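J.: Protein chains in written order, with the working numbering: chain A, 1 to 348; chain B, 1 to 348.
You may find that some hints are simply not true.
You can't tell identical chains apart in this list, so a pair holds if it fits in one copy or across any two.
Here are the simulated lysine to aspartate or glutamate pairs, EDC-like style, with alpha carbons at most 16 angstroms apart [said to hold, decoys possible]: (1) K286 - D241; (2) K14 - D241; (3) K314 - E112; (4) K314 - D84; (5) K336 - E312; (6) K14 - D325; (7) K14 - D236; (8) K336 - E129; (9) K336 - D84; (10) K314 - E110; (11) K286 - D117; (12) K336 - D236; (13) K314 - E335.
It is worth saying that the hints were derived from the structure and are not from the lab.
Computed from a predicted model, the values in this text were never measured in an experiment.
There are 2 protein chains.
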Amino acid sequence: MRAVVLTGFGGPEKLEYREDVPDPQASPGEVRIRVGAAALNNTDIWTREGAYGSSEDPSSTTGWRREALRFPRIQGADIAGRIDQVGSGVPDSRIGERVLVDPMIYTGGEEELVVNDYVGSERDGGFAEFVTVPAGNALAVDGPMSDAELATFPTAYTTAMRMLNRAAVQPGETVLVTGASGGVGSALIQLATVRGARVVAVAGAAKQDQARDLGATAVVDRHTTDLVSDVETALDGRPVDVVADVVAGPAFGSLLHLLRPLGRYVVAGAMGGPLVQTDLRTVYLKQLQIIGSSFGSHEDFAQLLGHIAAGELKPLLAQTFPLRDLGLAQQHFVEKNFFGKIVVTPDE
Amino acid sequence: MRAVVLTGFGGPEKLEYREDVPDPQASPGEVRIRVGAAALNNTDIWTREGAYGSSEDPSSTTGWRREALRFPRIQGADIAGRIDQVGSGVPDSRIGERVLVDPMIYTGGEEELVVNDYVGSERDGGFAEFVTVPAGNALAVDGPMSDAELATFPTAYTTAMRMLNRAAVQPGETVLVTGASGGVGSALIQLATVRGARVVAVAGAAKQDQARDLGATAVVDRHTTDLVSDVETALDGRPVDVVADVVAGPAFGSLLHLLRPLGRYVVAGAMGGPLVQTDLRTVYLKQLQIIGSSFGSHEDFAQLLGHIAAGELKPLLAQTFPLRDLGLAQQHFVEKNFFGKIVVTPDE
Numbered sequence: 001m002r003a004v005v006l007t008g009f010g011g012p013e014k015l016e017y018r019e020d021v022p023d024p025q026a027s028p029g030e031v032r033i034r035v036g037a038a039a040l041n042n043t044d045i046w047t048r049e050g051a052y053g054s055s056e057d058p059s060s061t062t063g064w065r066r067e068a069l070r071f072p073r074i075q076g077a078d079i080a081g082r083i084d085q086v087g088s089g090v091p092d093s094r095i096g097e098r099v100l101v102d103p104m105i106y107t108g109g110e111e112e113l114v115v116n117d118y119v120g121s122e123r124d125g126g127f128a129e130f131v132t133v134p135a136g137n138a139l140a141v142d143g144p145m146s147d148a149e150l151a152t153f154p155t156a157y158t159t160a161m162r163m164l165n166r167a168a169v170q171p172g173e174t175v176l177v178t179g180a181s182g183g184v185g186s187a188l189i190q191l192a193t194v195r196g197a198r199v200v201a202v203a204g205a206a207k208q209d210q211a212r213d214l215g216a217t218a219v220v221d222r223h224t225t226d227l228v229s230d231v232e233t234a235l236d237g238r239p240v241d242v243v244a245d246v247v248a249g250p251a252f253g254s255l256l257h258l259l260r261p262l263g264r265y266v267v268a269g270a271m272g273g274p275l276v277q278t279d280l281r282t283v284y285l286k287q288l289q290i291i292g293s294s295f296g297s298h299e300d301f302a303q304l305l306g307h308i309a310a311g312e313l314k315p316l317l318a319q320t321f322p323l324r325d326l327g328l329a330q331q332h333f334v335e336k337n338f339f340g341k342i343v344v345t346p347d348e
Numbered sequence: 001m002r003a004v005v006l007t008g009f010g011g012p013e014k015l016e017y018r019e020d021v022p023d024p025q026a027s028p029g030e031v032r033i034r035v036g037a038a039a040l041n042n043t044d045i046w047t048r049e050g051a052y053g054s055s056e057d058p059s060s061t062t063g064w065r066r067e068a069l070r071f072p073r074i075q076g077a078d079i080a081g082r083i084d085q086v087g088s089g090v091p092d093s094r095i096g097e098r099v100l101v102d103p104m105i106y107t108g109g110e111e112e113l114v115v116n117d118y119v120g121s122e123r124d125g126g127f128a129e130f131v132t133v134p135a136g137n138a139l140a141v142d143g144p145m146s147d148a149e150l151a152t153f154p155t156a157y158t159t160a161m162r163m164l165n166r167a168a169v170q171p172g173e174t175v176l177v178t179g180a181s182g183g184v185g186s187a188l189i190q191l192a193t194v195r196g197a198r199v200v201a202v203a204g205a206a207k208q209d210q211a212r213d214l215g216a217t218a219v220v221d222r223h224t225t226d227l228v229s230d231v232e233t234a235l236d237g238r239p240v241d242v243v244a245d246v247v248a249g250p251a252f253g254s255l256l257h258l259l260r261p262l263g264r265y266v267v268a269g270a271m272g273g274p275l276v277q278t279d280l281r282t283v284y285l286k287q288l289q290i291i292g293s294s295f296g297s298h299e300d301f302a303q304l305l306g307h308i309a310a311g312e313l314k315p316l317l318a319q320t321f322p323l324r325d326l327g328l329a330q331q332h333f334v335e336k337n338f339f340g341k342i343v344v345t346p347d348e
């Protein structure tokens, strides 16, 4: 089959488009999916670069589980397509079923989720014509969206769902969302709005209208020299109950400062820099919570499918590239001059 | 009356023992207490030094509310004694009642607790012959303990109680306690043990037996060069569910590293240094929670009184000084060569 293979930690040159990769076969309990579309995530880039460090050595080269990765590896976690083969134990009737993949491979509770296998990282993913996953991770979908549109959802939206669930965001609360034009950021705006929260988004000047269209009631320029003052002005004295952050970096201190006493800061990424200085006096005197969140659980994914089925979410498909141009797509992705998600499709 | 008056931010020279301070009078709704004993807390030292900074400027000079303090001020939060005067609206029958003071002056819920007045900080405290407090903050106590013993409890134990409550420590969980020989640390050992948790204490070599006597099932030397390895050895592979920290500083990263996935780190002080570097990747990939906690609520204080009445807690009275020697007592306090609490008494 055709696939893009990651040959080691490194730059885009480690991505090789090949046409002679053996077709994967569905093992017992698995299904094979003919990929319709697969979306890009920051995780793809971080994993390629080995940029996760370890808890003892922030600069060591690791994948998201902070251990070595096995190469060659086909990345691509967010997959929509149709089942074309089933392994033993899976009913033949599933062949032909249209599915969206829950990319978190684990059984058990949320402790197991922390050490799960992630499609495209610990096992091959969707930047290919075919992919295999456990049958339970391929969930039937229906409705008017294209495969490319469906592929915009899995990782970003379950990550965002879990952030909101771990921070226990309530209707009527005010949530500050950073990185609002990115995959998780735009998911946070939509999902927080759906649950009745008020969203203030931090976004680049060119993307503020889109953030408003998704439901943000106020938008602050991410290049501001005074984030605190801009947010306070935008909120007209209303306190920030929750910060949902995927950027961190130099703004971290301001984000904690903006929180009301007993406010919650939930983080699922740190594109602006993961190493931050924290004044623990701010944390304990204001009695804040800093909540780490990562990939969503199966329950979060199921909740997401419910919102999709109910037509409550707008797919944010920025651009589609052919599979062979994945390197180009990643280059476009890291430049961040788009809103929503970038998808590749194996169609010729 | 006799009292020790803090005249401004600074060193011990800012503490003045005086015999001509006007007796305070109980205002409406208040009681006046003849002080039997008052205990020392780190807050006294930090407040005297103005060492709380602000969330925008870590080095600015402030009290615990991170704002200016009004001088002269009589410090001393933890007070046991007898009511000797009541203000209007308070029944005369309370005169003569033996009481322990809940030093957190606020009404409402936990959001108000964050901006409470703290006895000895925003209003005069117990380093004096007399003190006034709202009648509801003077709670009747009985039993065999001396005033000096009772005074060991309020701030440290309600702070510890709130830490355990905010981290939702469950029976059977393993809690790592730092600063185990200090006021809050030794309170954490006792209170966590009472609720059925397993405690690993970090303490200086000279204080490990005392930590064990209080209930710690394992003790690690705080001067170790490899905290992670020592704790792992002491626990024989059992995971750390909760870290209850009042030290922070250079050990912060190791403490997060020791937590199991989805573990909780709760902090109520940072004697080892409040400015810490955090690798947010560790926080979000392990899905940790960093929980700020501060003074306990009225509910925490009531829970504490219940444990005292039930005889479940051992008072840890290290030493008693006469009031006029408060400066000496503080000097002894900061040297940390004791276990438990230091108390002053206005007896001549």
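J.: Now tell me if each hint is right for this structure.
T.: Evaluated hints:
{"no.": "1", "hint": "K286 - D241", "verdict": "within (12 angstroms within a copy, 23 angstroms between copies)"}
{"no.": "2", "hint": "K14 - D241", "verdict": "neither (43 angstroms within a copy, 40 angstroms between copies)"}
{"no.": "3", "hint": "K314 - E112", "verdict": "neither (31 angstroms within a copy, 40 angstroms between copies)"}
{"no.": "4", "hint": "K314 - D84", "verdict": "neither (28 angstroms within a copy, 69 angstroms between copies)"}
{"no.": "5", "hint": "K336 - E312", "verdict": "neither (26 angstroms within a copy, 60 angstroms between copies)"}
{"no.": "6", "hint": "K14 - D325", "verdict": "within (14 angstroms within a copy, 71 angstroms between copies)"}
{"no.": "7", "hint": "K14 - D236", "verdict": "neither (49 angstroms within a copy, 42 angstroms between copies)"}
{"no.": "8", "hint": "K336 - E129", "verdict": "neither (27 angstroms within a copy, 67 angstroms between copies)"}
{"no.": "9", "hint": "K336 - D84", "verdict": "neither (35 angstroms within a copy, 70 angstroms between copies)"}
{"no.": "10", "hint": "K314 - E110", "verdict": "neither (28 angstroms within a copy, 38 angstroms between copies)"}
{"no.": "11", "hint": "K286 - D117", "verdict": "between (37 angstroms within a copy, 14 angstroms between copies)"}
{"no.": "12", "hint": "K336 - D236", "verdict": "neither (30 angstroms within a copy, 47 angstroms between copies)"}
{"no.": "13", "hint": "K314 - E335", "verdict": "neither (23 angstroms within a copy, 62 angstroms between copies)"}
Hints 2, 3, 4, 5, 7, 8, 9, 10, 12 and 13 from the list above are not met by this structure, while the remaining hints are.
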